[in-house]
Amino acid sequence: MRRPPSPSADQRGATLIEVLVAMLVLSIGLLGLAGMQMTALKSNQSAYYRSQATVLAYDIIDRMRANRADALNGVYDIALQNQACDPDLSPSGSLAKKDVAEWLNSLSCLLSSDAQGSVVRNGRIFTISIEWNDNRGRIEAADDDDRETFVYRTQL
1 MRRPPSPSAD QRGATLIEVL VAMLVLSIGL LGLAGMQMTA LKSNQSAYYR SQATVLAYDI
61 IDRMRANRAD ALNGVYDIAL QNQACDPDLS PSGSLAKKDV AEWLNSLSCL LSSDAQGSVV
121 RNGRIFTISI EWNDNRGRIE AADDDDRETF VYRTQL
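For the sequence shown, the tail end lands on 156 under this note's numbering, and the numbers increase by one without skipping.
Hints listed in this document are in silico derivations from the structure and should not be mistaken for laboratory results. Fair warning: there could be bad hints in the mix.
Said to hold, decoys possible - Taking CB as the label site, the calculated pair distances span:
(1) Asp-59 - Leu-31: 21 to 31 Å
(2) Asp-86 - Tyr-48: 16 to 26 Å
(3) Ala-84 - Ala-22: 48 to 58 Å
(4) Arg-65 - Arg-147: 47 to 57 Å
(5) Leu-30 - Tyr-152: 39 to 49 Å
(6) Asn-44 - Cys-109: 14 to 24 Å
In this text, a Cβ means the ideal position worked out from N, Cα and C, and glycines have one as well.
I would like the entire structure built from these sequences, with the hints used as guidance.
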């Protein structure tokens, strides 16, 4: 008399294949999670720079409000320009010239070395423009199309 085969004898090797398929699915899921994490980090870095640009725009506006007469006379008006970051900056000249030099220094120190800023006056309306290169978080080669511009308008 022949014995019927046991259920475990029919399934030899099936468990190993199931484990390999599960490992494949898990590894693809982990790679997707890592890609999402990289995207989130790049987006957070860009958001940080936009926040810094906002704070810096408010900074120059507050400086102009404190020195309103010079601001309305155009002493704070500057074209889009860059200044190298100097942590030990001690500018000389009038209060307005010191404010502008310190503000441009803050742009290059906090945003990027090629960050530029401008203050344009039209009567009592002031337009602050801040431009910087936002390609630091990118893996692919950097190009000049990654320039971000923040514009803030206010009235003194």
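Each hint tested on the structure:
1. Asp-59 - Leu-31: 21 to 31 Å: 42 Å, violated
2. Asp-86 - Tyr-48: 16 to 26 Å: Holds: the Cβ-Cβ distance is about 22 Å, inside 16 to 26 Å.
3. Ala-84 - Ala-22: 48 to 58 Å: Taking Cβ atoms as reference, Ala-84 and Ala-22 lie about 56 Å apart, which means the hint holds.
4. Arg-65 - Arg-147: 47 to 57 Å: At roughly 29 Å between Cβ atoms, Arg-147 and Arg-65 fall outside 47 to 57 Å, so the hint is violated.
5. Leu-30 - Tyr-152: 39 to 49 Å: 42 Å, holds
6. Asn-44 - Cys-109: 14 to 24 Å: 20 Å, holds
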